[in-house]
Amino acid sequence: MKKIVAALALGAIVAVAGTAAEAKEWKKIRIATEGAYAPWNATDPSGKLVGFEPDLALELCKRIKAECEIVAQDWDGMIPAIQQGKYDAIMAAMSITEEREKVITFAGPYGTEPSMFGTLKSSPLAKATFPGERYDLSKDDPKAAIAALADALKGKTVGVQTSTIQANFMEKLLPQVSVRTYDKLDNAGIDMAAGRVDAIFGDRSAVGAILEADAGKNMTLFGPAFSRGVLGKGVGVGLRKADGDLKELFNKAIAEANQDGTIAKLSTQHFGYDISIK
Amino acid sequence: MNWELMWDSVPTLLRGVPVTLQLVGLALLFGAAVAFGVALLRLYGNRVTERLMAAYVFVFRGTPLLVQIFLIYYGMGQFEAVRSSFLWVYLREPFWCAILALTLNTGAYTSEILRGAILSVPQGQVEAARACGMSRSLLFRRIVMPVAIRQMLPAYGNEMILMVKASSLASTITLLEITGIARKLIAQTFAVFEIFIVAGSIYLLLNFLASRLIRYAEWRMTPYLRARG
Amino acid sequence: MFELLSFGPNGWGGQLLGGAAMTVAVSVSAFALGLVFGSLGASAKLSRSFALNGVAEVYTTVVRGVPELLVIYLLFFGGGGMVMAVGRVFGYDGYIELNAFSIGVLAVGLISGAYSTEVIRGAVQAVPHGQIEAARACGMSRWLILRRILVPQTLRYALPGLGNVWQLTLKDTALISVTALAEIMRVSHVAAGSTRQPFLFYTTAAVLYLLLTTVSTAAFERAERYANRGVRRA
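Residue numbers (full-length UniProt numbering), protein chains in the order written: chain X, 1 to 278; chain C, 1 to 229; chain Z, 1 to 234.
Worth double-checking, as some hints may not be accurate.
[What the hints assert, rightly or not] One side only, chain X facing chain Z, incomplete, derived with CB under 10 Å:
#, residue
1, R63
2, E67
3, V71
4, P80
5, G189
6, I190
7, A193
8, G195
Source of the hints: derived by calculation from the structure; they are not laboratory data.
Don't be surprised by glycine CBs; every beta carbon is placed ideally from N, CA and C.
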C-alpha cells in the first residue's frame with residue numbers, strides 16, 4: 001500500500017515538474033479567481049465572474065496578446081491547484097507575502113489596500129477608540145494600536161477567511177484573540193449578522209462590500225487600517241515559479257496598464273476609489 | 001514525498017481526534033435516542049405520528065448531510081426568532097450545530113435499521129411470550145428489544161463508521177476536527193499528499209477500532225452461537 | 001424574497017436549474033464509472049489470485065474507511081498528477097487536462113465503485129451454485145454461462161444494493177462543490193453568500209435533492225419489479 005502511494009505521489013511530482021518545465025508559447029492563459037470577494041471578484045446571478053479582477057485580467061491579456069479563460073476556484077485550494085497545473089495564473093485579491101513566495105511567484109503588484117475590521121453598530125467595539133488611523137507595518141510601530149485592539153477584543157471572536165493575510169495577522173500580532181476561520185468572507189459576514197462572531201477582518205473593500213449589502217445596514221468599520229508588513233506587498237498575479245516568461249509578460253502588461261491609467265480607471269469603477277500602485 | 005513533514009503533522013492532526021470523537025460519540029448517543037423514539041412512533045403510533053416520522057426519515061435520508069449542516073448552521077441563524085430564543089445559546093456554537101445535524105441524520109438512518117430489526121423478531125417468540133402471560137412492556141423489554149438489538153448490530157456498525165466519516169463535514173462550518181486541521185495545515189504547508197495520507201490513516205484507524213468494537217459487542221451478545229465450538 | 005429564485009436577470013433560478021442538471025450529469029457518470037470499478041473489484045475479490053484479492057481489499061477498505069471529503073480533496077489536488085503519471089507509464093508525455101467535472105466524476109466514481117464492489121460480489125455469490133453446475137452439465141461454455149446464467153441473475157440480486165449505492169453517489173456529489181464545479185450545492189453556497197439568504201437557498205437545494213432522490217428511487221423500484229418478473233413471490 002505504502003509503495004503504491006509513494007509511487008503515485010512520486011509520479012505526481014515528476015508529472016508536475018514535467019509540465020512546468022516545458023516551455024510554452026502563451027497563446028492561452030487560464031486565470032483562477034474566487035468569485036466571492038466583491039468588489040475584487042464576484043459571481044453574478046447568471047453565474048458570470050465579474051468585478052475588478054475579471055475586468056483587469058481581460059485588459060492584461062489584451063496586452064499580452066493571449067486568449068484568457070477565467071475560472072472560479074475555491075480560495076483555499078488555489079495554490080495547490082496552480083502547482084498542479086490546473087490553471088496558469090491567480091488573480092484573486094491574493095497579496096504577495098513571504099510565505100506564498102516560498103511556493104509560487106508573483107507578477108505585480110497591481111493594487112494595494114489596507115485591511116480593516118468590521119463590526120455590528122450595536123457592538124461596544126463600534127464605539128471604542130484607537131490611537132492612529134493608518135499603520136504601514138513596514139515602517140510604523142503599531143504597538144499602541146495592537147495593545148488597544150487586544151484590549152477591545154478581549155473575550156471576543158474575530159471572523160477571517162482561511163489562509164489569508166488577515167488570518168496570518170491575527171495569528172502573529174493578536175494571538176490571544178480567538179479567531180474563527182471561514183471558507184469565504186461572506187460567510188463570516190453572515191455569522192456576524194447572526195451574532196456568532198463579534199468582528200470580521202479583511203481587505204477594506206471586501207469588508208465594505210459586506211457592510212453595504214442588505215444585512216450589513218447595521219454594521220460599521222472600526223479600528224485603524226493596517227497595511228504591508230505581515231499583510232504583504234500588495235495584490236499580485238500568482239504564477240508558478242517555473243513560468244518566468246509568463247511573469248515577464250504580466251509584469252510588462254501591468255506596468256503599461258498602470259502607466260496609461262487603465263488600472264486606476266477600473267479601480268474607480270469597481271471600488272469607487274483608486275487602489276492602483278503609484 | 002516529504003517524510004519529515006508527514007511525521008511532524010502527526011501530533012497536530014491527532015489534536016483533532018478528541019473533537020472528532022466528541023462529535024461522533026454525542027451524535028450517536030443522541031441519535032440512538034431519536035431513532036428509538038421514531039421507530040416506536042412509526043411501529044406503534046397512530047396514523048399521524050407514523051406519517052410525520054416517515055416524512056422526517058424521508059427528508060434526512062434523501063438530502064446530502066452537507067445541505068443539512070449548512071441549513072442548520074447558516075440557515076437558522078438568519079432568523080431573529082431563533083436568535084432571541086433560549087436555543088441560541090447552543091445554536092450559536094458551530095459545535096452544537098454540527099451535533100444537531102449529525103444527530104438528526106444518524107437518527108433517521110438508525111431508526112430505519114431499528115425498525116427493520118424489530119419487524120424481523122420472529123412472531124413465534126412474541127406469541128410464546130404472550131402465552132407465558134407477559135405484559136406488553138415486559139415482552140418488549142425482555143424479548144423484542146434484545147433480539148432486535150442483536151439483529152441490528154452489523155448494520156449499526158456500518159452506521160458508526162459512516163458517522164466517523166460524516167463528522168469530517170463539520171470542518172465546513174469552522175470546526176477544527178481532523179479534517180479541519182488537515183485543511184489548515186495544507187494552507188500553511190501546501191503539502192497536499194502528505195497531510196491527507198496522515199489524516200486518512202487516522203480515520204482508517206478510528207474506523208478499524210469502531211468495527212472491532214462492534215464485532216466484540218456481537219460476540220458478547222451471541223453466547224449461544226459460541227457454545228458449539 | 002422569492003424573486004431571488006426566479007429565472008430573471010436578478011434570479012438564481014437558471015443557475016440552480018443548471019446546477020441540478022450538473023448534479024445529475026456527475027451522478028450518472030460517476031455511478032457508471034463506479035459500476036466499472038465495482039465489476040473489476042468484485043472479479044478481483046472473487047479471483048483465486050492472492051495479489052488481486054489484496055489490491056481489491058485495500059481499495060474497498062481505504063475508500064470506504066476514509067471520509068469522502070478527503071478522497072475528493074486528494075483527487076482534486078493530486079488527481080491531475082496521478083492521471084499524468086499513469087499516462088507516462090503508458091508512454092504519453094503530454095499534459096492531460098482534467099477539468100473539475102472529470103475530477104469530480106473520478107472521485108465520486110471511485111467512492112461509488114468501492115461500495116458497488118461489495119454489492120456485486122455479494123450478488124455473484126448469491127447465485128446458487130447448483131445452477132452453474134447444471135449449466136456446465138448441459139455443456140455450456142464458460143462464456144455462455146456468464147452471459148446466460150450469471151450476469152442476469154447477478155443483476156437481479158444486485159439491484160436493491162445498487163439502488164442504495166446510487167443514492168449514496170447522488171448525495172456524495174454535493175461534496176464536489178468544494179472543487180467549484182457548479183452543481184446544486186455550489187450554486188446554493190455562492191448564492192447564499194452573496195445574497196445573504198442562506199435559509200432560502202439551502203432549503204431550495206434540499207428540495208432539489210429530495211426531488212432527485214424520489215424520482216430515482218421510483219425508477220429503481222420499477223427496475224427491480226421488472227427484474228423480478230419471473231420470480232414467484234413467497
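Exercise. Would the hint on E67(X) stand, with a C-beta cut-off of 10 Å toward chain Z?
Worked result: violated (15 Å)
Exercise. Hey, does the G189(X) contact hint survive, CB to chain Z under 10 Å?
Worked result: holds (7 Å)
Problem set entry | Per-residue hint verdict: V71(X), partner chain Z, C-beta under 10 Å | At 8 Å from the nearest chain Z Cβ, V71(X) passes the 10 Å test, so the hint holds.
Problem set entry | Interface hint status, A193(X) versus chain Z (Cβ within 10 Å) | Given a least distance of 7 Å, the restraint on A193(X) holds.
Exercise. Given G195(X) as an interface hint, is the shortest Cβ-Cβ distance to chain Z below 10 Å?
Worked result: Cβ of G195(X) sits 14 Å from chain Z, so the hint is violated.
Problem set entry | Residue hint R63(X), partner chain Z, criterion CB-CB below 10 Å | It is violated, given that the least Cβ distance between R63(X) and chain Z is near 25 Å, above 10 Å.
For this session: Closer than 10 Å between Cβ atoms is the bar; does I190(X) clear it against chain Z? Give me holds or violated.
Result: holds (6 Å)
Problem set entry | chain Z contact restraint for P80(X) - C-beta distance below 10 Å | holds (5 Å)
Of the numbered hints listed earlier, those contradicted by the structure are 1, 2 and 8.
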